[in-house]
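Asks: Chain by chain, the residues:
Number of protein chains: 2
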Amino acid sequence: MAQPNGLHVAVVGATGAVGTQMIQTLESRDFPIAKLTLLSSERSAGKTVRFKGKDLVVEAATPESFEGVDIALFSAGGSVSKELAPEAVKHGAIVIDNTSAFRMDKDVPLIVPEVNEAELKNHNGIIANPNCSTIQMVVALEPIRQKFGLKNIIVSTYQAVSGAGDAAITELKDQAQAILEGREFTPQVLPVKSDKKHYQIAFNAIPQIDKFEDNGFTTEEMKMINETKKIMTYPELHVAATCVRLPVVTGHSESVYIEIDEENVSAVDIKELLSKAPGVVLQDDPSQQLYPMPADCVGKNDVFVGRIRKDLDRPTGFHMWIVSDNLLKGAAWNSVQIAESLVKLGLVK
Amino acid sequence: MAQPNGLHVAVVGATGAVGTQMIQTLESRDFPIAKLTLLSSERSAGKTVRFKGKDLVVEAATPESFEGVDIALFSAGGSVSKELAPEAVKHGAIVIDNTSAFRMDKDVPLIVPEVNEAELKNHNGIIANPNCSTIQMVVALEPIRQKFGLKNIIVSTYQAVSGAGDAAITELKDQAQAILEGREFTPQVLPVKSDKKHYQIAFNAIPQIDKFEDNGFTTEEMKMINETKKIMTYPELHVAATCVRLPVVTGHSESVYIEIDEENVSAVDIKELLSKAPGVVLQDDPSQQLYPMPADCVGKNDVFVGRIRKDLDRPTGFHMWIVSDNLLKGAAWNSVQIAESLVKLGLVK
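Protein chains in written order, with the working numbering: chain E, 1 to 349; chain V, 1001 to 1349.
Treat the hints with care, as some may be off.
To be verified - Listed below are the simulated EDC-like cross-link pairs for lysine to aspartate or glutamate, each with C-alpha atoms no more than 16 Å apart in a straight line:
| hint | chain 1 | residue 1 | chain 2 | residue 2 |
| --- | --- | --- | --- | --- |
| 1 | E | Lys197 | V | Asp1285 |
| 2 | E | Lys229 | V | Asp1313 |
| 3 | V | Lys1197 | E | Asp296 |
| 4 | V | Lys1310 | E | Glu213 |
| 5 | E | Lys196 | V | Asp1285 |
| 6 | V | Lys1229 | E | Asp313 |
| 7 | E | Lys173 | V | Asp1285 |
| 8 | V | Lys1211 | E | Asp285 |
| 9 | E | Lys211 | V | Asp1285 |
Claimed, not checked - So, partial list: chain E residues that the calculated Cβ filter (under 7 Å) puts toward chain V:
| hint | residue |
| --- | --- |
| 10 | Ser79 |
| 11 | Lys82 |
| 12 | Tyr234 |
| 13 | His238 |
| 14 | Ser253 |
| 15 | Arg307 |
Hints in this document: simulated from the structure, not taken from any laboratory. Small disclaimer: the values here were computed from a predicted structure and weren't measured. Cβ atoms here follow ideal geometry from the backbone N, Cα and C, with glycine treated the same way.
For reference, chain E alone in the conformation it holds in the complex (with noise of 0.2 Å):
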């Protein structure tokens, strides 16, 4: 139940990659808060961590955890997801959940609030956040959709080690100095820690992120494929992905193709209605060198698009650069930022 100066909120998976911004995140933008329950497995309880320059010890999360808690945001993966976050709702909690588990649920709404934060009135106690490589990339193409129809999505993507987890970061980090140094290593995290495989990440690419589903995509590409299309209640867009990690700590870069429905679209254009978009920083002026990177995205909220161009062939066809802070638009940022548009729209109770 609200308490009269703010909201209980819950963060379970409060000391992993995700978690600590989603905290940090609640703290910077000072949301509303009454009480704070921070949450682990077993393993993490008892840590402590510092919110609003008080040091809060995580406990192990239960059902009975979400007593009064009022907005729980999720980010354990998506088993702690599937036992917990029914659990937390039946206790009367709204659940803001970041892992993939309950995302295409025909019953739970899956929010950016940039394109459909409407769909939140619909919640049935579960609000999905889509996954980080689909955030950022429907950010910059929701208004070209929205102006000009949208046909065709075509992307390739430069991702982070952040996006799995704090154990890939160790790894990118440890494997780059030995490789400096000329010493041996072994991989072990990358490019899924459960797969039987594991490959050199510093210095490299590859292109494998989730596990390989039978039509050949990964899981993370289907994810992209199907979340956009939901996202934007849109089942006929047509939307191909190919998705690769890269030996980057943050920061997810996107290099997007699109077909619109409208001819005679300059790349100005495009550009000026990005100028204005919620959400989205314009960084592109090649005469100065200026496109977005993702050295430069680190700690910021917004979704940095650049590099736009007309395709030479396609009168209907463009190029563009889309870039974002993985752990904040695309997980805790976009998080939060759904709890403060249930706050806003008065769908708290």
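Let chain E serve as the given structure and place chain V on it in line with the hints.
Replies: Using the frame of chain E, we list chain V on its own:
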């Protein structure tokens, strides 16, 4: 004039990243050399380079350096080629030029032996070696074009720093070490040494290779577009490219989307075709996490292709991932391979 026991070969740019690989490739291929002349700028003259167990002294290149040379391999930058390649031809040498100086000249064949070796017969003294990122793409796509027709190419590249020379390799390694130690650093080489601004490459991705042209594409992107059409003798082909520099030392990767003419072609058909294609190694088995990666391609002459899959919406669309050593098939090996073709076709006097 060819000596009885082999040819007189010159390498211009003998101390650079590509020149070094050219010399090693001439040795490992046991190219029929009677005399090897190593040439460079004044600055690098006097250095020694090991070839077949002997130390050869590098000389400063002048027009007279090409007296008696049968084949001259150039890789010392466009301005050196523009000045000295015509001089070499005047002195009777056949020039194989790895720079962009003459690639789009109508009188200069642009050769990838697997694709258009027969055009060597039309040379007028200078033969151009295409851009690294173009070569590996056309080796993989030409067999598809021949068998199934080809309408569209949309490519996003993941390019290694060695394509920008030795200084870029040093910059990547020094920056990576500085970042791991938390030290400051000042980018000075990438993305383009002679451009106004320089950016961090370690743990980053820079969507600029070469300078920008007025149409918003970079010169590297326009090379991929124009050279592909010329090599395939197919000006109507639709090609678009987005070129990105990565913190990888050697090995260019490409995420390629194509549309072919024929319908009813399966990914298995494409895989079967490429498994027998010259210069191509198919590495494509998702169940074994088998796909090409830059770290695996270094030191190999082949073009590696994997992640081949049919588009989910477009019946003539296919996606693939193409990787090759940009210093070898992308430069040194393709140049030496052209030299081998000249010998094979009896085109060396």
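Asks: For each hint given before, does the structure comply? Return the numbers of the non-compliant ones in rising order.
Replies: Per hint list: 7, 10, 11 and 12 violated.
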